[in-house]
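Taken in sequence, the protein lines are chains A and B.
This note's numbering puts the last residue of the first sequence at 245; the count rises by one with no breaks.
This note's numbering puts the last residue of the second sequence at 1305; the count rises by one with no breaks.
Rather than coming from a laboratory, the hints here were simulated on the basis of the structure.
On a predicted model such as this, the values are computed, not experimentally measured, just so you know.
Among the hints, a few may not be true.
Subject to a maximum C-alpha distance of 20 Å in a straight line, what follows is the list of computed SDA-like cross-link-like pairs (lysine to any residue) [claimed, not checked]:
#1 A:Lys221 - B:Asp1177
#2 A:Lys221 - B:Leu1178
#3 B:Lys1125 - A:Val55
#4 B:Lys1174 - A:Gly24
#5 B:Lys1174 - A:Lys206
#6 B:Lys1174 - A:Phe162
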Amino acid sequence: MINSVATAGGLFGPPQTVSKETGGLNTVIGYWYHEDTYKNGADHTIKQNEIYSQVAYGAKNIWEIYARIGVSDLKIFDAFSSTDASTTTDKNDFEENWEFFGTLGAKGFYPINKTFGIGALIQGTYYFSNFTDDVAGTSGSKPFTTDLKVKNLWDVNFGVGFQAIIPYGIKLYAGPYIYFSEAKVSLAANIPGLKYAGGNVSVENKSIAGGFAGINIPLAKGFRLNVEGQYSDKFSAGAAVSYTY
Amino acid sequence: MKSYLTLIVLFIFLAVGCAHSPTSIVLPQARSFPQPVLLASSSNKIPVKSSRKPVDAIDDEYKDDQNLDYANDTFKEERVEIADPLEPFNRAMHQFNDKLYFWALKPFAQGYNTVVPEPARISVKNFFSNLGFPARFLNCLLQTDFGGASTEFSRFAINTVWGVGGLLDPSAGKELDLQKQDTDLGQTLGVYGVGHGFYIVWPVYGPSSPRDTVTIGGDCFLYPPSYIEPWYVNRGVWAYEKINYVSLRIGDYESLIGAAIDPYVSIRDAYIQYRLKDVKARKEKSLLFKDGNVSLPPADQSLPK
């Protein structure tokens, strides 16, 4: 039985908001590549590519709230691999293309001095749509077709970030984070040798902690580039471009 | 029930078009045409860009009114004439539109105004404005205004991506300062030298001319919401757009007609002047059709004095 999964909602971004001190919006377009491993008996790797748009409001250089909407694919390696010699399948991996997700988050920042500061963030993501993929094969020489659904995928992340502002207004940041994610996984038919055959299975992440680091670079005319990496079981990374109003 | 719905939709459809043209007073006397109209002189160079800088989103919303390519005070007034052979019909349509404005569109818009906060209404207007990109972009190209086409393309890309699908207008901000190229097919024809022709007031759509009437069809063809199916959803979206727009302009029309002795004449003159200036400003930006001494379109010059 597989009982772990990990999802992602994109970059955390620098702990300090990029909105104007007097208060204002900033908007972001971002891409995030997410990879993770989950285990229970067998190791499984998941991969996701996400594209999202974000609206944020921040003020006083110390706080920000934000909302994202985006689309993501999902690939689970070896999800359809059979453990029973009498069952064969036409493919091993679960794959589904773009499904919608939404993310809400908030950040708080405390400046220690002009250069350094510390902040905290909380970010939660929910997938509005189910991921579904079909599989066909034979079980005991009888042909079958069934589908696997990944439903109610959500996660929540909590992180603490340390930030340094270097010349040209470039922000470097890094810190640890913890996260929890959950989803319901079900196979439509009970096929011997296939995982998730036991009906609705609740799956969770195995690794609960990781680290993140990134750089936020001012471009021109109010735009900023943010590049970030996160590591828990595997390395994930992404980039986003923000515009400050 | 279906017929009731059809009537309601038709009513809203008719009502929203009044934003363009409502007037209230029908004067009995028939006017001989052509009618003189005060027109800005073409002898001065036409500035192609507003010097006004946007301040914030809500102020930006109203800058379209001032962001006319010719917006300055360097114009001298000259008299030109506009044919109005359909004046009795036009006055009737004028009054029809006026009543639709006061009896239907304005109450709807006021109710909507009360319920929906201004920033949200501005975002809705931005969203629909962003969808008007294909028409503006194509007309800039047809006018050989490649700078304008480039600006429009940049605006569309930036507002769609960083403006959350066009709900926000970062392009018009101080940093980027990419202002909307408010052009249409009628202006393109004007740039090509097609004259106004005579004045006509359409029910719902308001003041127009044979040349500018082409805009209605052309813009519809290039406006993505026009392709929404079924038709009543399409019309509903259109009506909503107009109500939203008018909710941001309540009082403008009242001010215009309140100061006029004959609102029909005031609106006709204002419309013709506005369009002629638009065409002149667009010509100034055109690579091929720009000339040192911008002249009136031939059809207008050919009118009897």
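Consistency of the hints with the structure:
1. A:Lys221 - B:Asp1177: Holds. Lys221 of chain A to Asp1177 of chain B sits at ~10 Å (cutoff 20 Å).
2. A:Lys221 - B:Leu1178: Distance of about 12 Å is within 20 Å: holds.
3. B:Lys1125 - A:Val55: holds (18 Å)
4. B:Lys1174 - A:Gly24: Holds - the C-alpha atoms of Gly24 of chain A and Lys1174 of chain B are around 14 Å apart, at most 20 Å.
5. B:Lys1174 - A:Lys206: violated (48 Å)
6. B:Lys1174 - A:Phe162: Not satisfied, since the Cα-Cα distance of roughly 32 Å exceeds 20 Å.
Hint violations for this structure: numbers 5, 6, all remaining hints satisfied.
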